[in-house]
Amino acid sequence: MKFPSPVSLQWLAGFINAELKGDLNGMATGINEIHRVENGDLVFVDHPKYYNKCVQSAASYIIINKEVEVPAGKALLIVEQPFEAYTKIVQHFRPFEPATKLISDTAAIGEHTQVFPNVFIGNHVTIGSNCIIYPHVSIMDHCVIGNNVIIQAGTVIGSDAFYYNTKKDREVWYRKMLSCGRVVIEDDVEIGAGCTIDRGVTHDTRIGRGTKMDNLIQIGHDTVIGKNCLFAAQVGIAGGTTIGDGVVLWGQVGVSKTLSVGDHAVVLAQSGVPHSLAGGKTYFGSPAEEAKQKMKELVWIKRIPELWKQGKEREKEGEDE
Amino acid sequence: MKFPSPVSLQWLAGFINAELKGDLNGMATGINEIHRVENGDLVFVDHPKYYNKCVQSAASYIIINKEVEVPAGKALLIVEQPFEAYTKIVQHFRPFEPATKLISDTAAIGEHTQVFPNVFIGNHVTIGSNCIIYPHVSIMDHCVIGNNVIIQAGTVIGSDAFYYNTKKDREVWYRKMLSCGRVVIEDDVEIGAGCTIDRGVTHDTRIGRGTKMDNLIQIGHDTVIGKNCLFAAQVGIAGGTTIGDGVVLWGQVGVSKTLSVGDHAVVLAQSGVPHSLAGGKTYFGSPAEEAKQKMKELVWIKRIPELWKQGKEREKEGEDE
Amino acid sequence: MKFPSPVSLQWLAGFINAELKGDLNGMATGINEIHRVENGDLVFVDHPKYYNKCVQSAASYIIINKEVEVPAGKALLIVEQPFEAYTKIVQHFRPFEPATKLISDTAAIGEHTQVFPNVFIGNHVTIGSNCIIYPHVSIMDHCVIGNNVIIQAGTVIGSDAFYYNTKKDREVWYRKMLSCGRVVIEDDVEIGAGCTIDRGVTHDTRIGRGTKMDNLIQIGHDTVIGKNCLFAAQVGIAGGTTIGDGVVLWGQVGVSKTLSVGDHAVVLAQSGVPHSLAGGKTYFGSPAEEAKQKMKELVWIKRIPELWKQGKEREKEGEDE
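Protein chains in written order, with the numbering used here: chain A, 1240 to 1560; chain B, 1240 to 1560; chain C, 1240 to 1560.
Hints are not guaranteed to be accurate.
Where chains are identical, the list cannot tell them apart; a pair therefore holds if satisfied intra-copy or between any two copies.
Unchecked claim - BS3-like, lysine-lysine: derived pairs with alpha carbons at most 27 angstroms apart:
no., residue 1, residue 2
1, LYS1305, LYS1535
2, LYS1531, LYS1551
3, LYS1535, LYS1260
4, LYS1241, LYS1305
5, LYS1535, LYS1241
6, LYS1548, LYS1535
7, LYS1407, LYS1520
8, LYS1541, LYS1531
9, LYS1260, LYS1531
10, LYS1548, LYS1415
Treat the hints as calculated values from the structure; they're not laboratory data.
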């Protein structure tokens, strides 16, 4: 998330009650989680295992629970509870805005767009022209919908990321990382009924132009999907994954988090994708492999009894010798 | 889709600006996609690969982008863009009707049927008597619900088919095939929460009498399901498939498109069905096979290390000889 | 389900027109299905196969279609149709209450809880403080939500159990077992968008404190989930299952009914769990096994062609000898 305008480190240090070390005159331009930080951003870290990753990242300013060395031009904001400090800043710049109406006064809806009864459209949502939004769809705060988009009934755009700060030495292990990112849906996208598309934690979840999704599909936070993809029903894609252009995922395929699937890849029904896949090929299985290889394997498995029989015969011959 | 009354080919040719060849005095009784055409119907074809299939189909009148030979009594309507012409005709006879209320004035609801708050009931919907329709259910235009039907919260009946005209030489590859079919739900059916049942493209999606479906189930367009079936949660059935009577599908089973599953078949949890299955048997696996065969295979796989060891011993014996 | 106060067997026998045998002065304290009966409860049985199980169960009073011997202190209520008699009693003590408003007058909602527009909250529902309930959520009658609970859009809490009385010699095979149990969600639970959590048939479905669930997850009736669990999207858990504390289920995992998964078990994505799992271990596959074992098996499968080749060479050597 970028701040509306740069914010002085001095003010931030006061706001979260932090000790400031390093570049004391810095101005932070935004706050992001570690996978998405850019130059000028704040980030937080609360475990020594990740100190170095954070210090070496693009982030300029690090909310941390211990003094460590930083390169010139960077700064530390030292607090006891970095996660809670991060949350406090995010809440300040992206406060929870209650919804009092089904369609927010701050939502902008384009010409010739049909919004059915009982659609929820949150604060600061933008919807383009010539769209059809069917009943019981929820479009949460700050999401952006392009032109000629069709969303079938009951779908949720912009639910919170499934992303938690974990500490197993407290009563409640998982604490919610606030989602202040958006969902951006480009032109000519169609989304089926009963789908759920999570907003980014600090950036955007994005569905590329012309992509068509069937029913009951799950798209995780910060996942970026290319153009002209085709996803059959009940596909699930975890967070932070990148899907290329023209990718086809058949029914009930699952794709794990923070990986990439290359352009024009095809993944057959019920496959599970635990690692990145090169484009232009067809995959099958859980874990997914190239389909022609996997199909051969299924044939080989059926030959095991014959192998067993050969072994037994050979053993018998051995005894007879 | 049948037209309200037969429509002259001459008028149709004028409407879509087509050159008419063959039986010039024909009257079209309806328009359907190729899997569902009947005598008297219009159909469209835009790829030479399918010309012959369309000409030889039950369709009487073919919207096509090239002159081909046709049997006597049939006619061609030649246009540059057959898909767009098809869409124009469908839109004319089944125009988009905006919904202005949660329950349409043209919906008919039977006696003793309980409709919870926040249910959407579209235009020309019929619901029988003694039904319970829970909150946030959407029943889209033209769908038909029988008597004693229970639909749990959040379910969508009559979402659009996931069915596209594909051309990869344009910016947006997939163009929506308009869904003008219906969903027909027979008496004594129960449908769980969060399910999605797509309407037929030009015909009906049908759920047979007494069938019970758990939550988060997907039923594709034009799929026909028999009587007294039992589907556990998260089952997905693709489009154009026929399921017999008394079929049991356990949790997360996926069934592919345009195939058939025979009466009283049982498919165990998480199985994937890529081809038609004979009735009266139990299946397991992805791809699904007869369960007892598949279970044996799982045992054989566990014997591979023993086979390997035997091979090694045999090799050693060979060296010792 | 417990009755508001104990009910005399004499009255019950008259109400369902039953012949009473055994302890004629008994007072029933509740009515439950066979998996959940306690001392003082009524239960029903209509198949000789289960007579003995019911008579030997904790239930004190048995609605049955034949006279059998019972231990002292128990009683039989003999009727021709035990299931229908059971249903009549349940309906009397838990009558269908129509909903006329989005938020029932009998619902209690705690301080600082944000309820978005278009949330359905049924009769006798209790919601704690500091919760956020997003749009199009349905919380059905009698459910209980703790404090600091977040429920994303479109989720259904308290849909009916998928639980039927089956007789294949009638036109409609499956008759609905009425669900009179509840869903109880403890403090600090978060539930994603588009989830479905069924109420118990006669007892509670329960989600333990601090558990976090992603989108499109199905939880069956009477299932009890521990504290600090983490379930990724599209997980499905069938009815009557017990999940321990700190259990992690990755995306699209399916867990079968009436089994148990031990504390701190981890089940990798797309696995299927057909039997109980010990805690503290990691599992993979469908059917699920210990992941390290399953991973080895996947490597062994890839060695089958080599085994085949060795067998062929050996055969050739044999011929050469």
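Hint by hint, here is what the structure shows:
no.: 1; hint: LYS1305 - LYS1535; result: neither (55 angstroms within a copy, 42 angstroms between copies)
no.: 2; hint: LYS1531 - LYS1551; result: between (31 angstroms within a copy, 24 angstroms between copies)
no.: 3; hint: LYS1535 - LYS1260; result: neither (60 angstroms within a copy, 50 angstroms between copies)
no.: 4; hint: LYS1241 - LYS1305; result: within (26 angstroms within a copy, 56 angstroms between copies)
no.: 5; hint: LYS1535 - LYS1241; result: neither (51 angstroms within a copy, 47 angstroms between copies)
no.: 6; hint: LYS1548 - LYS1535; result: both (21 angstroms within a copy, 15 angstroms between copies)
no.: 7; hint: LYS1407 - LYS1520; result: between (42 angstroms within a copy, 17 angstroms between copies)
no.: 8; hint: LYS1541 - LYS1531; result: both (16 angstroms within a copy, 14 angstroms between copies)
no.: 9; hint: LYS1260 - LYS1531; result: neither (57 angstroms within a copy, 46 angstroms between copies)
no.: 10; hint: LYS1548 - LYS1415; result: neither (57 angstroms within a copy, 51 angstroms between copies)
Hint compliance for this structure: hints 1, 3, 5, 9, 10 are not met, and every other hint is.
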